[in-house]
Structures are given as structure tokens and as C-alpha cells.
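S.K.: So the chains spell out like this:
There are 2 protein chains.
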Amino acid sequence: MDDLTAYAAALNAAMEGMAEGGIPIGAAIVADGKLLATGRNQRVQRGSAIHHGETNCIENAGRLPASVYAQSTIYTTLSPCHMCAGTILLYKIPRVVIGDNVSFEVSEDLLRSHGVEVVVLNDAETTRMFEAWMTANPRLWNEDIGED
Amino acid sequence: MDDLTAYAAALNAAMEGMAEGGIPIGAAIVADGKLLATGRNQRVQRGSAIHHGETNCIENAGRLPASVYAQSTIYTTLSPCHMCAGTILLYKIPRVVIGDNVSFEVSEDLLRSHGVEVVVLNDAETTRMFEAWMTANPRLWNEDIGED
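Top line first, the protein sequences correspond to chains A and B.
Residue numbers for the first sequence follow my numbering, so the first one is 1 and each next one is one higher.
Residue numbers for the second sequence follow my numbering, so the first one is 1 and each next one is one higher.
Source of the hints: derived by calculation from the structure; they are not laboratory data.
For clarity, every value in this text was computed on a predicted model and none was experimentally measured.
Errors might be hidden in some of the hints.
Copies of the same chain look alike in the list, so a pair counts if it fits in one copy or across any two.
Okay, derived cross-link-like pairs now, EDC-like style, lysine to aspartate or glutamate, Cα gap no bigger than 16 Å in a straight line [what the hints assert, rightly or not]:
hint, residue 1, residue 2
1, K34, D2
2, K92, E117
3, K92, D148
4, K92, E143
5, K92, E147
6, K92, E108
Put together the whole structure using the sequences plus the hints.
M.R.: So, in C-alpha cells, the structure goes:
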């Protein structure tokens, strides 16, 4: 599975979240060329403070041995927050592919400082979608990143 | 509620986890002198990769405004992994009280570099309990921190 195909699964998960009335951030994890799981932010749907796109994806992938994480790539529509970056570091996921880091970016230097390869697609479709959503939902977005 | 009383709630959550056959790491969050929630690692109980003591505690506390996190302290029996430290940074929790950082410690410098006050209790009871558990359950512990 190539990066653009895997990224499409993450973006599709984000759009699924939006259709549910949720925060439209999605993720996908691929190891050995196989899609293991997708995930999407669940703040609205489950009232969750910890199910962001990436963490929900990792949760959906289930309990995995370190050797699987070590050869995986995680795809995310939005540059990871500190929690999601920390989850990537916990499981030593070596590669992150990001659709949009214009709307939000706090952790890419931290990831790189731990040897994680950070690839930014600069996907204009994702940025347009997310900025339109943020503009329409500022309170929900601020809550999701711990701001007033 | 003073630190030792709040810490006792975190340690009690860890012991509850052990009684369930889980990984004995617990947490508690206190704001404005009031216990908001406790949490415990749920890797065994829920097959979870993201419910560590601290993240489960944050999840159990529910969706909170930034102003509540901003005046809170999180108590944890074990020094936070990268994911849990990232969760503390995401929500700008200003103070962390840790029972044991002898058995595990990876994130305290990162927390301090973001202005988080890190208090280590060096609680010998917690360290004895956790080291005995780790010695008896090395594979489960390694899985929880993303090691082989």
C-alpha cells in the first residue's frame, strides 16, 4: 500500500467523523504494506478526552508486539498534538505521514528529535476542509487542544 | 485534599488494577481541592493500548474546560510514559505528583521543559509493589512500554 492510498484511508476516517458531527481528524496505521486500522477523533461521539485520530487508530489496532509498531507508518490528517506524538514515541513508530500542518503544529520537532521520520504531504484538500471546520466550530476545536 | 490523600487514591486504583489481573498503575486528578476522577491501566482488562493510568484517569474525568485542567494536579503511581506526558502537556496540567520513578522514567525532563511542576514522592511501598509485579510479569510490562 503506497502513502497516498493509506493517506486516503485516514482522510476518509476524518470525513466519516465529520458526517457523525465529530471533529474531522482521521488516522490510519500500516505495517508491512497492510492497513491494520483506521481511527477518528471521538470527542463528540464518545465524549472522549483521549480518543484523538491517532490514539483511536492505535486503540483500534489492538494490542500489538513492539516488532509490528517498529515497522509501521501512521498517517494522520492533522499534525499530531503532544498526546498523539507521545503515543507515537511510546510505541516507537518510526514514520509519520501528515496531511496538514498549516492548521496546527506543535510536535514535529519533538518527533524528529527522537528519530521519527516526519513526512508532510501539504494536502490542500485536507487543509481547506479542516480550516472551514475550525472556523465554524472554534469552541469545540479549542476544547480538543486544551485551550479556552 | 492534600497530596498524600490524593496520592492514596491513585495507589488504591493501581491496587484495584492488580486485583483485576491488570497492570498495577493508577492515577487521580484533583482540581480546586476536589477529586475529579481516578484511573488505572486497562491493557489487560479492556485489551487497550491507550488506557494507561493517567490517560484512563483523564478519560474518566470527562470533557473538561481548559480552566479546570489549568488548576489541576495529576497523581500517578509511576513516572509517565511519553503518551501520558503528552496528555499532560496537551491539557496544560501544571503539576504532576509521582509515586515511583525508580522503576521507570522517560519524560520528566520534557515535562519540566514545558513548565510542569514535577514532584516525586519516592514512595517505597509503590516501588516495592511495582518492582515485584514487573519481575513476575516482564512480557506484559514490556508490551505496555512498547518493548519486545
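S.K.: Need the list of violated hint numbers for this structure, in ascending order.
M.R.: none
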